[in-house]
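Just so you know, the protein sequences line up as chains A and B, in that order. Anchor point for the first sequence: position 268 equals 268 in my numbering, and the numbering is continuous, going up by one each time. Anchor point for the second sequence: position 376 equals 376 in my numbering, and the numbering is continuous, going up by one each time.
Honestly, the hints are just simulated from the structure, not real lab data. Each hint should be verified, as a subset may be incorrect.
Computed footprint of chain B on chain A; a stretch qualifies when at least three of its residues, placed anywhere within it, have a C-beta under 8 Å from a C-beta of chain B [unchecked claim]:
#	stretch
1	32 to 38
2	146 to 158
3	275 to 282
4	315 to 323
All residues carry an ideal CB built from backbone N, CA and C; glycine is no exception.
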Amino acid sequence: MLRFVLSRILLVIPTFIGILLLTFILVHLIPGDPVEQMLNQHVIDPVRHAMLMHQLGLDRPLAVQFVDYVWHVMQGDLGTSLQTRIPVLEEFLEHFPATLELATCAMIFAVVFGLPAGIIAAQRRGSIFDHTLMGTSLTGYSMPIFWWGLLLIIVFSNTLHWTPVSGRISTDYYFEDGTGFMLIDALNSDDDGAFISAVSHLILPTIVLGTIPLAVIARMTRSSMLEVLGEDYIRTARAKGLADLRVVGVHALRNALIPVVTVIGLQVGTLMGGAILTETIFAWPGIARWVVGAINIRDYPVVQGGVLLIATLIILVNLMVDLLYGVLNPRIRHRR
Amino acid sequence: MRRQLLGAMAVSVMALCISFAAEAKNLVYCSEASPEGFSPQLWDTGTTLDVVRPVFNRLVEFKFGTTEIMPSLAESWDISDDGLTYTFHLRKDVKFHSSKTFKPTRDMNADDVVQSFDRMMNKQNPYNGVSGGAYLYFEGMGMPDTMKSVEKVDDHTVKITLNNPESPFLADLAMEWASVTSKEYGDQLLKAKTPEKFDLEPIGTGPYSFVNYEKDATIRYKANAHYFRGKQKIDNLVFSITPDAAVRKAKLEAGECDIIVGPAPADIASLKANPKLNVEEQEGLNIAYLALNVTKKPLDDKRVRQALNMAIDKDAIIKAVYLGGGTPAMNPIPPTIWSYDKDIKPYPYDPDGAKKLLDEAGVKDLSIDLWYMPKYRPYNPDGKRMGELMQADLAKVGVKANLVTYEWGEYRKRMGNGEHSMGQIGWTGDNGDPDNFLYLWGCNGKNEAPTQNNTKWCNADYDAALKGAKETADVAKRTEFYKKAQEIAHEEAPMVPIAHSLVYMAMNKSVQNYIMDPLGFHNFEGVGKAQ
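Bound-form chain B, shown alone (with noise of 0.2 Å):
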């Protein structure tokens, strides 16, 4: 009897916890690994990009599933003719999250604003050194040269002045690194004499306040009653991290996660088959590339340049590197970018005339190296059988490449210095502009390949259309400047652009309004449950 009762007791506490379970609505997001904290400004990598934000906001940011621009923290902006000078009228509604240590006694105003640009680009600012102080994406976007101030003008009204007229800098606000922080939540911290709390546990905007994080495990949000834009219909948002692919397929299948990010190619088919779940897929905004370093005998040659770019059978690397994930490349930008060139004509494949070529320009049992990517991309999942097929490829008309790798670190050093003959390397977008693609393969005007340039190609003319572009707002104009750039890339063939990945994300059918991001990110602002 004594057993029934304690059996029928736990039963109802059980039935309690479900109900209880039941009448909050939770969304948990299976992610792939730890982040390194929850700052913005601080870090750089897609994961960390992911966990902030939900909590903050920018100033300006992306429509939801697009690249176009929103208005967000700042309702409206004004942008002086010279393009130097942008001026953004802020929202007077938005509240910073409170949190047990932290309550807000003031709106969001231009010192959040201010502060949060002057600790990465203020030396003298309390905020500057502390967690370390490399401000790796704002450094990375080349915007310690770009931006010259940010002031406050009133309350409301924040002036940014520029160096030089940059086109693209409104969808490079809209980026993670420039979200806006609590000034008042960092004053408290610095009191406090913990300042390094404010990168560990976030005060923001954003449509969810930040919970709690159980180190490489979960990490757990509540909606936002207060958020600008309106309270979400999820209640708590909790990212499990689970770092390996298969088991985050049998976390979804067994209803653990309602969404998982980036399940495996060969995943997707029994995905789809599955009657309770939804796999959505998108064209990445990214591109995998061969880059021919141009100052390495023959590649200086331009018909040598070319010959490689007919000897290569993308679509055979489509089928067995992608396994069919993924759409043949041509322009050096993915074809979702606006300014994208259509009428480009790619290079064929045609080993033969790759041949034609290769006599013309006298080469004859070449033999090369073949730097092949030791790690998996997002845009290249699996270098080594890339650099297989490519491989083979050349050995066709004649070309023996031999292949090399190194550690992925030493690899873009190495690549960066311009060790490699040819490297396969790729890119995925920060913020949707095409200057964010076809800056890579620029010179600035200057006769010396910077770093980030693996092609180690300069032309003027290129330069000269980028800068074009850079220092015009009109859109029409921009896209003849880029247009001509991707014609100059596609003559001068300083890369064989090889593919654009798809990217997948699977989750439960109760999900509701998942957008995919093209830039790569996972939001779940707007998401919903069905019961």
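Isolated chain A (complex conformation) (with noise of 0.2 Å):
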């Protein structure tokens, strides 16, 4: 096992530095400089401009810059924004919660919805409730982030009038040197009417970002539970006389989750890239408005940072799956 999990960490380093060497070429290739970027209309002569740019250390030849941002990185150190003058890693734990928060939401939402849609689908295969779930699946998986986000406010916040537009809590309430979680701030608040606004607040921006994970899981479900449904071994099990909810529940779905977990992992970066949109919607405070904004101005060392702590993030929980695996499927950890 320890091999295994050694072997994956290793991979991970390249992987690394590949995004570390992507990004800085990517963002620096965006043209206009941050200095242009700062000035609203006004214009500043080109010696001044000369000199704001020597002041950030954008002068250098990009080799250096590189070579230098490399170095600091494995000191830790993902720099000072541009625009903010604020470090990096101390802006990414200022977003972070508020995106980890909806993403696990949306997470749970679209696992919790989209596993039993799968084997219900998949077990009454060709039925009314197939074509139903598979069809409903397919609409979420091809609806526009932006336009479904729309939708949902103009039917619910704003004609039913059940849910609140957009933010993460009524602007009534604030808690000061909080978690950084609402729902958990507002339950330390001892406030029942906090409480109720944080989850009211995330009801619509989780069902919008869970979509596309809730359809994915869902298929990827179904078609797993089919051909699992198929072996011999689930056969041996109904012939035994075991009850189908054991069949299915035990025998079926423990193997027929290996391909869902992946997919799952994998969803961590649509989620992300479906958080960008989601957040802007919703007025939500997260990290990926917060590099948006900062490609917006050129703000290298937020970009280049902000990408390289996601990649991280995603590079973990892919991690994690790979290790899950072997928890799943013994076969898996002691290959080779």
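Work from the hints to combine the two standalone chains into their complex.
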């Protein structure tokens, strides 16, 4: 097992270097420089422009900047935002709880509804259930996030008045020195109204962000279950007279889950992509919006550091998924 | 029974919350973006200037809803005859805000004023390099060349000396970059070795004190009980950052915002139809124009430039691009600015006349690049669409226009370098002074156009008029000079003035006394809310 874990961790190192290099090159390829972006409509003379670029350390050759950057990253220093002058890591940690809270809820939503939907559809293959569930999941998968979000706001917030439009909690509440996780802070505040407000603010963004993973998980579960349900050992289990619930729930599901778990791991990346739009629509102060904002103003350290940290998270989640296979299927960890 | 009891408890807690919320008056303003920080000196985007505005005051300020100067931290001032020395007499009853970490021990005085300017002017000032130390607005307004020194005469008198007479100087001082900050707070932070907090947790003298900023989500302020113009009617002012215009509209309709910024032109009709809402509109202090680079052939010929002025159908552009939310422009300054010359006869939309002029100039089968703006700006909502309309208009007079664009920063840089032939661009006024617009097309009496002059047109008479106006404080004389400048610009036609856009604000009917700002800022001093 240790060897398995180590080999997986070793694979992460080249991935890291690749990400570092790629973000660095991409972000510097975008035309326009940070000083230019910082100016509103005024112009400053070229001498002053050059001075500011020098002050920001951006007048050095790209290769020097890259080596310097990697050197600092290795020491845990991701740099300082050119715009706010706050360390990148500090800004990341400030935005991260919002995204983690939303992404966790979206993932729970996707798994809680996606898995059963896939199982039921597989069990009743060809039935009206199957067609309806799979049709719905395809629609969900194809729905542009932006449009889907606005549609839900118009229906549930503006017409039915069931949910708030956007934000993390009503502006009536705020918590100083909180954890950044609104649900936890609201619970700690001992104010039921605050908790209800935080939960109601989470509903629409959770649905919007969770829709695509839900559809993918449902379809993956269905096809994986169908495959497993056709296996000999399932027939044997049924022949032994085991209850349907036990056959499906224990014998079939455990084996069918392996590809599903892979897909769930990969969906973390999709979630981050979806978070960009979801966070914009719902005015959610998370990391995706933070990085996109930084791209718009060429805040190089934030873009580089932000992408690196997000990539690290995705790598870690996928590493965990790899390790989880071993738990689900002992053959994987004992191979070789 | 137990469940019922719990339910009853929950309802009563909620009712309590609601009654608590009703007691304190909150005003929620849904804004468009996150501020860079909380320093009026370091950043010059409208978003940041809006969020620092409730916190700070300046020596002089604009009367709400106008660009007239009124006393603020300075009760009165004297200007020397040569226009070089400004002496300000400060109010004596102005208190700085308190926060959890700072309690002021004295009232605002001349030391605070001197330190506020010294930070930007003096490289040796301990705060000069803090938070990046780039004072873009101060520099963008040309202040390093204009201002010579700021000195304390006594505790309540400050003397500012200029290098050259600059009649718009009072209007310059009413701008956000000239906000007065607390020296005592700065010194305390320096001692604590956390000077960067100065620009993130602001302490000012303004109508609201800063409470907290939840990154990218909300900014909270509370009314300053000791405000020298009186305590505000609103207890808590909240900026709820909502980047998407459609979502801002939905929040206003759902009652989650009281006021929203920049509703989309397409939404104005439905907002106006809502009986719970008010939509206010105002002519923006701005202009969108097509800069004609006179250093490129055949635009060096005045007749060609005049022909282009006659070839473009501005009314059609206003209908299609501004969706009716704009007025056609004929002068380089908007009609709301004093000294606007109403008597100028605008070039008519006349394709035949344009063709004739082009023939006279010997221009045939002209193919020329037309740069269009890649980004939404309040004065030009859709550069591409505008470019397409212009292209079609120009085709009618036999000019083939090729549409070109670049990334916004790159676009401005290249335009500043004069790489374009014709290019859309625009301007939003900083302080309502005619010079703040007209200087854009001047060359300071040298025969070399500075970066901001996108037309690269230099005219000695035009420069002389601007210089004359700067050197006198007499408004009637200045008006004459500026009218002359407008006449020259009209005749020489280095640009095609396109439009002045309308600016909208939408708000709940319960919001009282909100006055739209001609400079495009959002001001909450004096605003109230009906229960």
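Taking the hints in turn, this is what the structure says about them:
{"no.": "1", "hint": "32 to 38", "in the structure": "holds (count 6)"}
{"no.": "2", "hint": "146 to 158", "in the structure": "holds (count 5)"}
{"no.": "3", "hint": "275 to 282", "in the structure": "holds (count 3)"}
{"no.": "4", "hint": "315 to 323", "in the structure": "violated (count 0)"}
Violated hints amount to a single one, hint 4; each of the other numbered hints is respected by the structure.
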